[in-house]
Amino acid sequence: MPVPTKCSPEEKLIAVQDYLSNKRSAYRIAKDYNVKPGTVFQWLDLYEIFGAEGLTTSSKKTFYSDEVKISALNDWHSGKYSRRDICKKYKIRSTTQLENWINDNNNHKNIKFQNTGGKIVMIKERPITFDERVEIVKDYLENSMNYNETAVKFSVSYQQVRLWVLKYEKGGLDALIDKRGKKKSEEELTELDRIKIENKLLKSKTKYLEVEVEFLKKLKQIERS
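In this text, residue positions in the sequence shown follow the working numbering: the first is 207, and each later residue adds one.
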């Protein structure tokens with residue numbers, strides 16, 4: 207396999223200008239310079255964000271503020287943006303940098319950041335009691351169906367909310383019981399307690415579905431009129 211060529215800033219600039227003027231396609235440029243097409247698109251993104259200076263290789267490590275990291279991660283978790291979109295939006299030099307933040311966030315290596323409408327909150331993962339788990343799942347089902355909003359409301363991490371919601375959807379109430387410590391209050395729930403809690407969660411889900419159905423009805427009425 208050929209070794210990828212290390213291109214100078216001048217060569218990158220010529221490649222970008224050729225692509226923008228339709229002289230060469232990204233795949234033609236990739237072949238000419240012995241690089242991957244993805245590398246060419248990365249040059250294009252850097253040029254669009256930083257201009258010709260973005261094509262130079264700096265020995266200095268780029269610093270990104272907590273606000274940028276928070277916003278980038280929240281955008282990623284929203285599912286509305288691609289890695290390239292986020293990098294362009296927040297002037298992140300490479301998708302690799304963003305992927306590192308995502309991986310660290312998913313692996314619980316760092317403090318979890320949340321953006322709460324301009325107020326920055328740093329959230330470390332903490333133990334969540336059984337009652338809290340029930341309330342978190344209930345709030346998610348009843349109000350927002352949004353992991354981030356629920357996480358901010360209960361001062362927990364995005365991953366914790368997602369974990370307990372998915373566990374509940376897959377295994378019901380029993381899945382919300384943390385059996386690692388074998389806490390009596392969780393392990394020895396009475397049948398009446400179980401029925402009450404399950405009923406509360408079911409009502410929350412039903413309420414959300416009713417709101418959704420009502421919204422669809424109104425939408426159809428608007429379309430007909």
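One or more hints might be untrue.
[As the list claims (entries may be wrong)] As a list, the in silico BS3-like pairs of lysine-lysine whose alpha-carbon atoms are at most 27 Å apart:
| hint | residue 1 | residue 2 |
| --- | --- | --- |
| 1 | Lys402 | Lys376 |
| 2 | Lys373 | Lys294 |
| 3 | Lys275 | Lys237 |
| 4 | Lys286 | Lys402 |
| 5 | Lys344 | Lys294 |
| 6 | Lys266 | Lys297 |
| 7 | Lys212 | Lys286 |
| 8 | Lys344 | Lys359 |
| 9 | Lys275 | Lys359 |
| 10 | Lys344 | Lys373 |
| 11 | Lys267 | Lys297 |
| 12 | Lys294 | Lys267 |
| 13 | Lys359 | Lys286 |
| 14 | Lys286 | Lys275 |
| 15 | Lys344 | Lys212 |
| 16 | Lys242 | Lys294 |
| 17 | Lys286 | Lys297 |
Everything labelled a hint here was simulated from the structure, so no lab data went into it. Keep in mind it's a predicted model, so treat the numbers as computed, not measured.
Structure-based check of all given hints:
1. Lys402 x Lys376: Measuring from Cα to Cα gives roughly 19 Å; hence the hint holds.
2. Lys373 x Lys294: This hinted pair is violated, its Cα atoms lying about 35 Å apart.
3. Lys275 x Lys237: 34 Å, violated
4. Lys286 x Lys402: 37 Å, violated
5. Lys344 x Lys294: 36 Å, violated
6. Lys266 x Lys297: The given pair, whose Cα atoms are some 16 Å apart, holds under the 27 Å limit.
7. Lys212 x Lys286: Cα-Cα ~34 Å, so violated.
8. Lys344 x Lys359: Given pair Lys344, Lys359 holds - Cα atoms ~12 Å apart, limit 27 Å.
9. Lys275 x Lys359: Holds. Lys275 to Lys359 sits at ~20 Å (cutoff 27 Å).
10. Lys344 x Lys373: 13 Å, holds
11. Lys267 x Lys297: At roughly 14 Å apart (the allowed maximum being 27 Å), Lys297 and Lys267 satisfy the hint.
12. Lys294 x Lys267: 18 Å, holds
13. Lys359 x Lys286: 22 Å, holds
14. Lys286 x Lys275: 16 Å, holds
15. Lys344 x Lys212: 54 Å, violated
16. Lys242 x Lys294: With Cα atoms ~20 Å apart, Lys242 and Lys294 stay inside 27 Å; holds.
17. Lys286 x Lys297: Holds. Lys286 to Lys297 sits at ~18 Å (cutoff 27 Å).
When held up to the earlier numbered hints, the structure conflicts with 2, 3, 4, 5, 7 and 15 and fits the remainder.
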